[in-house]
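In terms of the working numbering, the sequence shown opens at residue 774 and continues consecutively.
To be clear, the hints were calculated from the coordinates, so they are not data collected in a lab. The structure presented is a predicted model; accordingly, all values stated were derived computationally and were not measured. Fair warning: there could be bad hints in the mix.
To be verified - Below, computed lysine to any residue pairings styled on SDA-like, alpha-carbon distance capped at 20 Å: (1) K831 / T847; (2) K831 / L966; (3) K1028 / T1038; (4) K821 / A913; (5) K891 / R865.
Said to hold, decoys possible - Derived DEER-like restraints, expressed as beta-carbon distance ranges: (6) D1001 / E1021: 24 to 30 Å; (7) M989 / R933: 32 to 38 Å; (8) E954 / A1002: 50 to 56 Å; (9) V1004 / D1026: 22 to 28 Å; (10) R1006 / G965: 42 to 48 Å; (11) D1063 / K1028: 37 to 43 Å; (12) E943 / G965: 26 to 32 Å; (13) G789 / P832: 33 to 39 Å; (14) A1056 / T1098: 44 to 50 Å; (15) R1006 / D1063: 52 to 58 Å; (16) L1014 / M989: 25 to 31 Å.
Beta carbons are placed, not taken as given, at the ideal position from N, Cα and C, and that holds for glycine.
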Amino acid sequence: MADKSRALTWTELRVGLVVIASLVILGFTILYIGGGGGSPFARHYLVKALMSDVNGLKPGAPVRVGGVEVGSVTSVGFAGASAPGLVEVDMRLDRHVKGRITTDSQATLGSLGLLGEKAVDITSSAGGTPIEDGGLVRAAAEDPFKGLLSDASESTAHIRRILARMDAGEGFIGKALRDEELYTRMADVSAGLQNVTRRLESQEGPLGRMINDREMSERLAASVKGIDAVVARVQAGEGALGALSKDESLARDLKTVASNLSDLTGRMERGEGTLGRLFRDDALFRKIDDVSTRLDGVLTRLETGQGTAGRLLQDPELYDSLSATLKEARGLVEDIRKDPRKYLRVKVSLF
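Whenever a hint applies, use it, and build me the whole structure from the sequences.
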């Protein structure tokens, strides 16, 4: 009987130990979760932040410093009369991060995921003065994640408007989707580009040969080397171009010539000189045009054989007669020079 009582007592003791251990583990877990992931036996201190919009932040949300979870949010509520329009966020943090949170730190709203629960991120700063227990952490002007979602929403709305316009047949893409003629033209253009690409891939035409012909490529490379050599000679001051680029006196002379040409064109534009008057004076232009017209008429008459000069140019018989007459006159002059007495006889008679 004594052994049975002793065995029952031992069983009850084991059950009691298991229950006690479970309670201890449960309490430790509760303290761990309530402490924001930190040690339940660690010392804590409180800080606050004033924000214009907490974007759904709730008590119990984690607080991170440099991405490391060091505490949790204890309460979220409207601030008092000293800060109207703002929301006060109270946070309990591990005391070992007290030196990292200073007056230069900044509290912003973060997220545990793309669409997950909110969190508070505090930047770690080595400068500034550490914030004491119950102190205020400077908050960001707005939530960057919220702004990102707002921008994404605006971008989505803009894409929807673009798609609606395309579906209505507006714009180039909308017309391409709706207009069969435009689609046919684009198909023709695409086919043409394919033909051009096919010809480039083959050795038909100069571009295809240039792309596929190694010999032509080598010739082009040699030509480029020749151009490089010419440029090197010019830079070295060799040849006419090199002298032009290096000789300052020649450059000054060219500048002088260019200046004189500029002055000449300026005088011509102002109507100075003969050329200037020709450009500006309509009467002089009409006279020159009239003279040109008359010369054109004279040349036309000459070509058609009108007048003495025209007959002389067009009539071979008249030309031959004049040539023979000139020969006879030349012979007569030569005879007179040889024997002037033969042709010049003076007879003197006296009464």
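Hint check:
1. Restraint check: the Cα-Cα separation between K831 and T847 comes to about 9 Å, which is no more than 20 Å; the hinted pair holds.
2. Note on K831 and L966: the hinted pairing is violated, with a Cα-Cα distance of about 61 Å set against a maximum of 20 Å.
3. Taking the CA atoms of K1028 and T1038, the gap is about 15 Å. The hint holds against a cut of 20 Å.
4. For the suggested pair K821 and A913, the alpha carbons sit about 13 Å apart, so the restraint of at most 20 Å is met.
5. The straight-line distance between the Cα atoms of K891 and R865 is roughly 16 Å, inside the 20 Å bound, and the hint therefore holds.
6. Hint check: D1001 to E1021, Cβ distance near 26 Å, so the stated range 24 to 30 Å holds.
7. For the pair M989 and R933, the supplied restraint of 32 to 38 Å is violated, since their beta-carbon distance comes to about 53 Å.
8. Taking the beta carbon of each, E954 and A1002 are about 55 Å apart, inside 50 to 56 Å as hinted.
9. The hint said 22 to 28 Å for the Cβ distance between V1004 and D1026, and at roughly 24 Å that hint holds.
10. Checked against the hint of 42 to 48 Å, the pair R1006 and G965 passes, with Cβ atoms roughly 44 Å apart.
11. Between D1063 and K1028 the beta carbons are some 42 Å apart, a value that agrees with the proposed interval 37 to 43 Å.
12. Range check, E943 to G965: about 27 Å between beta-carbon atoms, so the 26 to 32 Å window is met.
13. For G789 paired with P832, a C-beta distance near 36 Å keeps the hint of 33 to 39 Å intact.
14. In this structure the hint that A1056 and T1098 lie 44 to 50 Å apart at CB holds, the actual value being about 46 Å.
15. For the pair R1006 and D1063, the beta carbons lie near 55 Å from each other, so the given range of 52 to 58 Å is met.
16. Between L1014 and M989, the C-beta spacing of about 28 Å keeps the proposed range 25 to 31 Å intact.
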